[in-house]
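Colleague: Listed below are the residues making up each chain.
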Amino acid sequence: MHCGMCLPDCPTYNETGRERNSPRGRIALMRGIADGELEASREFAGEMSYCLGCLACTSACPAGVDYAHLLESARAEVEDRGLLDTPWRRAVRAVTIHGLFLRPRLLRAAGRMLRLWQASGMQSASRRLGLVRLLPRPLREAEPLTPEIQARFSDERIEEITPARGGRRHRVLLLTGCVQDLVFSDVNQATAEVLAENGCEVVTPRTQDCCGSLHAHNGEIEAAKRLARRQLDAIDPESYDAIISNAGGCGSHLRHYDRLLAEEPQYRERAAAWSRRLRDIHEWLVEIGFRAPLDPAAAVRRVTYHESCHLCHGQGVSRQPRELLGALPGVELVESADATTCCGSAGIYNLTQPETATRLQQRKVGHLLDSGAEVIATANPGCHLQIGNGLREAGRQPRVVHPVVLLAEAYRRERERAPE
Amino acid sequence: MIEELRSLLGPEHVLTEPEDVVPYGFDGAAALKQRPAAVVFPADTGEVAGIVKLCRERRVPVVSRGSGTGLSGGSVPVAGGVVLCLQRMKRILAIDRRNLTMEVEAGVITQDIFAAADEAGLFYPPDPGSMKISTIGGNVAENSGGLRGLKYGVTRDYVMGMEVVLADGSTCWLGNKCVKDVAGYNLRDLFIGSEGTLGIVTRVLLKLLPKPAARQTLLATFEAMDTAAATVSAIIASPIIPCTLEFLDRRTIRCVEEFAKVGLPGDAEALLLVETDGHPAAVADEAARIEQLAREHGATTVARAADAEEAARLATARRSAFSALARIRPTTILEDVTVPRSELAGMIRFIEEVAARHQLEIATFGHFGDGNLHPTILTDERNAAEMHRVELALEEIFAQTMKLGGTITGEHGVGLAKKQALREQFDEASYRLLGMIKRTLDPDGLLNPGKIIEPVES
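As given, the protein sequences belong to chains A and B, one line each in that order. Quick note, the first sequence lines up with residues 333 to 752 if you use the numbering used here. Quick note, the second sequence lines up with residues 6 to 463 if you use the numbering used here.
Don't read these hints as lab results, they were simulated from the structure. Take every hint as true, because none was put in to throw you off.
Computed footprint of chain A on chain B, listed as stretches where at least three residues anywhere in the stretch have a Cβ under 8 Å from a Cβ of chain A: (1) 13-26; (2) 30-36; (3) 66-77; (4) 132-146.
Here the structure is a predicted model, which means the values were calculated and not measured. Ideal placement from N, C-alpha and C gives every residue a C-beta, glycine not left out.
Construct the entire structure; sequences and hints are all you get.
Modeller: If you want it as structure tokens, here you go:
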């Protein structure tokens with residue numbers, strides 16, 4: 333099957349018009365290598381890394397081709413053969429993928445140091461003094477993208493067990509993520525709150541591991557498996573009605589632990605149980621019939637929803653976040669053009685392919701501003717940062733926020749008005 | 006040669022690296038592949054002519070290509086040849102509201118033509134399944150059909166004129182904005198459906214229609230294929246010519262529903278998707294009569310689309326049928342046999358028998374109102390024994406089609422896939438005529454050689 337129905341939805345094909353930059357073309361290259369007609373070359377490796385992995389093609393594909401799996405396998409092959417290997421790249425990957433994101437305590441320690449740097453004013457001072465110019469070029473270019481670290485991480489904001497309000501109907505486990513924990517622990521806190529508000533007892537294990545999505549998406553399947561096994565060792569999925577993820581990119585990977593560990597007899601069953609229970613937060617709230625908050629006095633706000641690729645294309649969750657937003661008092665939900673098109677964040681794409689990422693970012697920000705929304709809701713930390721940075725560069729400041737935070741705020745306002 | 010192409014087009018518009026050209030080795034069916042030496046992207050007709058001249062001097066074959074969504078191997082490259090890709094030529098040049106025409110470059114996407122006409126309050130009817138990515142040049146080269154063929158005809162019926170680059174590199178314009186024109190041979194028609202073997206179409210003058218004032222879509226389900234076929238015959242004989250009269254069997258319904266989630270009933274054996282359009286009163290009357298006929302002929306349910314959006318969703322879902330069938334088995338072999346409409350029920354039964362006899366899984370959908378069927382064999386190319394049974398089944402289906410006065414291809418073209426069957430369909434004199442035309446227009450045999458008929462002996 334080579335029907336090409338994916339082409340109009342592929343952001344990189346739309347950028348270049350070249351078949352190799354499309355899902356169909358990339359699959360042709362993979363097939364060429366499998367058939368022994370092509371070498372697995374540096375060019376091939378470059379193409380695999382040029383793909384955003386946004387999976388818009390997967391939503392468009394009538395034939396149900398599992399592109400995510402093909403891409404992950406191809407990227408793993410690229411890493412195994414060291415096709416893109418350079419000393420600098422090796423160093424970066426050693427520190428991040430094989431270092432910080434395999435060691436949760438170290439990651440949080442690094443986060444605290446970064447926080448100290450930012451909160452003490454050192455960051456702005458070094459920017460002002462132009463000290464960043466002393467950094468090697470790749471770091472210098474990435475420096476402005478440094479996210480602002482939260483003062484308190486999830487464990488300090490959320491109790492290990494948050495009791496359900498008004499009678500326990502469900503028991504769920506909350507995954508706090510890595511970037512989400514460091515940069516958006518308020519989203520995790522809001523998630524715990526809205527779950528409790530809707531009859532869920534929320535268990536939030538301390539110092540959680542990375543889910544391995546970063547690793548799987550970047551060709552490090554073995555590391556991804558190791559992290560998945562660690563999660564399953566620490567968490568028994570059978571003890572919960574649902575395992576909740578609130579980050580699109582993580583959820584898309586977390587859902588597939590069953591496939592990732594399918595060949596491992598010791599973990600197979602537990603992984604399958606895990607995947608069955610894995611829910612995106614919006615999906616779960618709609619599934620259990622969340623309560624719409626009341627606020628007759630709420631001011632009218634125009635809100636638009638940018639869809640995280642791995643939430644809408646990767647997990648097929650598109651209707652539920654809108655349902656949630658639509659239930660908020662005073663919210664007028666407006667659509668922006670190409671809401672399901674990638675913003676260019678795409679994991680670490682904005683670091684590996686800055687030019688394309690920036691073009692996609694500018695286009696996205698333009699569409700979002702054109703919608704006239706005062707609030708931009710999105711449910712993935714990468715998108716959140718990418719859009720926030722894009723708006724800052726455009727000199728515009730609509731609020732960027734996770735839908736769950738808006739819901740939590742509405743519940744809080746409700747409680748303030750009518751104390752129990 | 007490559008250097009000359011680079012200086013003609015600019016280096017960025019000439020691809021030669023293996024990773025760049027391998028993805029151009031296929032068309033939509035993916036069954037056949039070849040590696041071209043170069044893929045080139047001309048910006049205008051002058052550059053197309055320049056490429057053709059260069060290739061002629063060097064005796065290098067040229068295969069023209071739009072988006073590569075064909076289904077018969079028509080745009081599969083010739084090994085070591087040049088692929089001339091028209092996708093950069095994508096300007097809509099003019100919409101003439103006084104004469105109801107639109108002039109476009111060959112690389113314009115079919116969907117964009119529909120949308121531009123729609124915006125101007127007009128209507129471009131041909132809607133092939135791949136219209137969201139197919140190009141008009143490809144549609145003209147293949148004479149593509151679509152869902153609206155029953156009432157509105159196919160691409161051929163909307164081509165009033167065209168610019169063609171001939172095999173010697175010269176450029177000619179055929180046709181005009183006149184509704185009537187019998188000056189000379191109808192050369193325009195010669196190039197429509199010629200699959201790039203006679204010349205390269207670079208511009209097209211299209212006919213537009215007034216937009217129908219109203220539309221109504223109906224969905225009827227049946228417990229047997231026979232009763233669905235009988236309903237179609239009754240609708241045509243009554244006589245009503247709906248805009249669309251599509252058929253899906255149970256397998257196709259399930260695959261399409263799994264993808265598109267538009268609420269098709271998974272338990273029905275057969276489904277008819279009918280659309281009537283035109284004056285509101287006529288639409289209301291036709292819809293009522295179609296509904297009544299369907300019920301009289303044993304439809305289990307008849308539902309009407311609530312609004313235009315639901316109707317569009319249903320049509321889009323139907324267009325995904327071929328691709329959606331790939332969900333079942335790794336290899337899908339799509340056929341395009343067409344029979345006179347009176348023979349439809351018999352042909353459907355025959356295909357079911359063939360599937361049972363050869364132990365094959367065949368899903369059938371198609372443009373029932375046109376007699377145009379797409380029996381799709383769901384198989385696995387790695388299973389040699391099964392592939393042998395596939396060949397036998399195809400031979401029988403083709404033979405039966407001939408027997409019923411049908412044709413091996415209604416809208417997908419001959420390309421590479423149906424060359425042998427074409428030879429059997431045509432009588433000796435007609436087949437010779439094909440060769441004579443090819444040799445006259447392309448004496449060196451460099452334009453898409455080996456497609457439709459065997460390469461010209463030189």
